[in-house]
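There are 2 protein chains.
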Amino acid sequence: MVIAMDRIEFRIAFGKRVEKFRKKLGLSYRELAQKCDVDHSNISKIEKGEVDLRISTIQELARGLEIHPQELFNFKIDEKS
Amino acid sequence: MVIAMDRIEFRIAFGKRVEKFRKKLGLSYRELAQKCDVDHSNISKIEKGEVDLRISTIQELARGLEIHPQELFNFKIDEKS
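Going line by line, the protein sequences match chains Z and R.
Quick note: UniProt numbering has the first sequence finishing at residue 81, numbered continuously throughout.
Quick note: UniProt numbering has the second sequence finishing at residue 81, numbered continuously throughout.
Hint data in this document are derived by calculation from the structure and do not stem from the laboratory.
Hints may contain errors.
Heads up, simulated SDA-like pairs for lysine to any residue below, C-alpha to C-alpha not over 20 Å straight-line [unchecked claim]: (1) Z/K35 with R/K45; (2) Z/K16 with Z/D39; (3) Z/K45 with R/T57; (4) Z/K76 with R/E66; (5) R/K35 with Z/K16; (6) R/K45 with Z/R54; (7) Z/K48 with R/E66; (8) R/K76 with Z/M5; (9) Z/K20 with Z/A4; (10) Z/K76 with R/Q70; (11) Z/K48 with R/T57; (12) R/K35 with Z/K20; (13) R/K16 with Z/S56; (14) R/K76 with Z/E60; (15) Z/K35 with R/R7; (16) R/K35 with Z/A4; (17) Z/K45 with R/S28; (18) Z/K76 with R/R63; (19) R/K45 with Z/S56; (20) R/K16 with Z/K45; (21) R/K76 with Z/N74; (22) R/K35 with Z/I77.
Predicted model, so just to flag it, every value in this text is computed and none were measured.
Looking at chain Z on its own, in the form it has when it is part of the complex (with noise of 0.2 Å):
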C-alpha cells in the first residue's frame, strides 16, 4: 500500500527545505526577504506550512536562496508500507 503525503505534510517538507538553505546562507527571515520579493512575515509561515504558496513565490525563494528551485522539492513523497 503507498501512503501518499497529505496537502500539508506536503507544505511542511517544502518549508523545511526552504528553512535548511537559508540557515545554511545564515539568513534571518527580514535578511532573506531583502534578497528576495518576499515578506519576512510570509517566509516564516512558508517554513511552517502554513501557506499555499504560488510558483511566483517558489521562484523567488530559490532566487533568495541562491539555489535551483528542484531544490526545494528535494524529498520523499510517499511512504511504501
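We have chain Z; now place chain R onto it with these hints.
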C-alpha cells in the same frame, strides 16, 4: 552576466514539463483531470504558463502524472552570457 528567468518564462517552462509528462502517459486534459484534483480547463492554461498556480496544484499534477514534483522543475533557470 546572469539573465534570470522572468516569471512568465518560468511558468511556461514548468507548463512544458506538465505537457511532456501528460503526453508521455497519452492523456488528454480531461483524462489527466480525472486522475487528479485539477480542472481540465486549468491544465491547458497551466501548460501555457497562464496560471500562477499553487503548490497544492503542483502536488496534485505530479500525482496525476505519476511523477515526483521535482520532475516538473527539471529545466534550466538562468542563462550565463
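task: Report the numbers of all earlier hints that the structure fails to satisfy, in ascending order.
output: Numbers 1, 5, 7, 8, 9, 12, 17, 20, in rising order.
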